[in-house]
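Trainee: So the chains spell out like this:
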Amino acid sequence: MNDEQVQLELSVPAKAENIPLVRHAVAGFLDGHSIGGDQASDMLLAVTEACTNVVQHAYRDGSVADAEIEVWAELTDAVVTITVRDQGGGFAPRVDSPGLGLGLPVIAALTTTVEIRPTPPSGTEVVMTFALGA
Amino acid sequence: MVLHMADANDAGPRHPQFQQHKVEEAVTVLHVEGELDIGSADALRSALDAAEAQGDIVRLDARGVQFLDSTALGVLLASAQRLAARGGRLELMNASPAVRRVLDMTLIARTVHLIP
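Quick mapping for you: the protein sequence lines, in order, are chains A and B.
Letter by letter, the first sequence follows residues 757 to 890 in the numbering used here.
Letter by letter, the second sequence follows residues -7 to 108 in the numbering used here.
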């Protein structure tokens, strides 16, 4: 089976109420590949946490007019890769964080690999991989 | 497949539903249905606040909870701590395996009382 061409690309305004839309879109992508159960649950939780980070942290300074969350998902060689990208101000410590600070630890626990890197000139991307059957 | 979506609207996932009733003098059951994340955290917080006002034991029936993330966990944890501070507790019943897994992963199962 050649899955290299199969991918999901999604862009939504970076608002809390849009995160379920992202989650459902990714769920549809996974369902289309017969990926369900705990593995799908893990991926949906991880992408939710990554998108929540964007909403809570990425655009705090308000300098980006059209703040968006961009999400890619692809399946290649039995590995699902989900990337969440923003064009915001990057990761920075936040003493007034409204959350528990569990987002990144949860992502780390759920993924096979995770990379968090800046995307010059602005923004951050979180690249998460999930090895199927692992 | 490329999607560009506008804001969430009526076509999006439905909002969570909350319904509470008392089963004993000190026990209020809060039935929750839907997906609990940052988008529904305020609604969950309000529902728990209302249930806490009814008594010292809040039993959240999670049978209808299809999804729960760390933001929602934070809301549950805050409620559990408020109740514990006055001698009460937050109980969670009918949690799906997926919800239990999140609770276990984050060790919040130590603070929220799980009921089989």
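Just so you know, the hints here were simulated from the structure itself, not pulled from any lab data.
Any given hint could turn out to be false.
Said to hold, decoys possible - Computed list of chain B residues with no C-beta within reach of chain A, every gap over 10 Å:
1) 9
2) 15
3) 21
4) 48
5) 77
6) 79
7) 85
8) 90
9) 93
10) 105
To be verified - If the Cβ cut is set under 10 Å, some of the chain B residues that face chain A in the computed set are:
11) 13
12) 16
13) 30
14) 31
15) 34
16) 56
17) 60
18) 61
19) 62
20) 63
21) 66
22) 89
23) 97
24) 98
25) 106
The beta carbon of each residue, even a glycine, is placed where N, CA and C say it ideally should be.
Trainee: Compare the structure with each hint and give your call.
Mentor: Status of each hint after checking the structure:
Look at residue 9 of chain B: its CB is around 14 Å from the nearest CB on chain A, clear of 10 Å, so calling it non-interface holds up. Chain A leaves residue 15 of chain B outside its interface by the beta-carbon criterion, the shortest separation being 30 Å against a cut-off of 10 Å. At roughly 25 Å from the closest C-beta of chain A, the C-beta of residue 21 of chain B stays outside 10 Å, upholding its exclusion from the interface. The non-interface label for residue 48 of chain B is consistent with chain A: the shortest C-beta to C-beta separation is roughly 24 Å, beyond 10 Å.
The beta carbon of residue 77 of chain B sits about 18 Å from the closest Cβ of chain A, which is more than 10 Å, so the claim that it is off the interface holds. No Cβ of chain A approaches the Cβ of residue 79 of chain B within 10 Å, the least distance being about 24 Å, so the stated non-interface status holds. Interface exclusion of residue 85 of chain B from chain A stands, the closest Cβ pair being 20 Å apart, more than 10 Å. The beta carbon of residue 90 of chain B sits about 5 Å from the closest Cβ of chain A, which is not more than 10 Å, so the claim that it is off the interface is violated.
Against the 10 Å criterion, residue 93 of chain B falls within the reach of chain A, whose nearest CB is about 7 Å from its own CB. No Cβ of chain A comes within 10 Å of the Cβ of residue 105 of chain B; the nearest lies about 19 Å off, and the non-interface call holds. The interface hint given for residue 13 of chain B is violated, since its Cβ lies 27 Å from the closest Cβ of chain A, which is over the 10 Å cut-off. A least Cβ separation of about 31 Å between residue 16 of chain B and chain A goes past the 10 Å threshold, and the interface hint is therefore violated.
Annotation: interface hint on residue 30 of chain B holds; nearest CB of chain A at approximately 4 Å, less than 10 Å. Because the beta carbon of residue 31 of chain B sits about 4 Å from the nearest beta carbon in chain A, less than 10 Å, this interface hint is met. A distance limit of 10 Å between C-beta atoms decides the matter here; for residue 34 of chain B the minimum to chain A is near 9 Å, and the interface restraint holds. At about 15 Å, the closest approach between the beta carbon of residue 56 of chain B and any beta carbon in chain A exceeds 10 Å, and the interface hint on this residue is violated.
Proximity of residue 60 of chain B to chain A holds as hinted, the smallest CB-CB distance being about 8 Å (cut-off 10 Å). Interface restraint check: residue 61 of chain B against chain A, minimum CB-CB distance 5 Å, threshold 10 Å, status holds. For the restraint placing residue 62 of chain B at the interface with chain A, the shortest Cβ-Cβ distance is roughly 4 Å, inside the 10 Å limit, so the hint holds. The restraint placing residue 63 of chain B at the interface with chain A holds, with a minimum CB-CB distance near 6 Å, inside the 10 Å limit.
Taking 10 Å as the C-beta contact cut-off toward chain A, the hint placing residue 66 of chain B at the interface holds, the least distance being around 4 Å. The criterion of a C-beta within 10 Å of any C-beta in chain A is met by residue 89 of chain B, whose closest approach is roughly 8 Å, and the hint holds. The restraint placing residue 97 of chain B at the interface with chain A holds, with a minimum CB-CB distance near 6 Å, inside the 10 Å limit. Given the 10 Å rule on beta carbons, the hint for residue 98 of chain B holds: about 6 Å separates it from the nearest Cβ of chain A.
Because the closest C-beta pair between residue 106 of chain B and chain A is about 18 Å apart, greater than 10 Å, the hint is violated.
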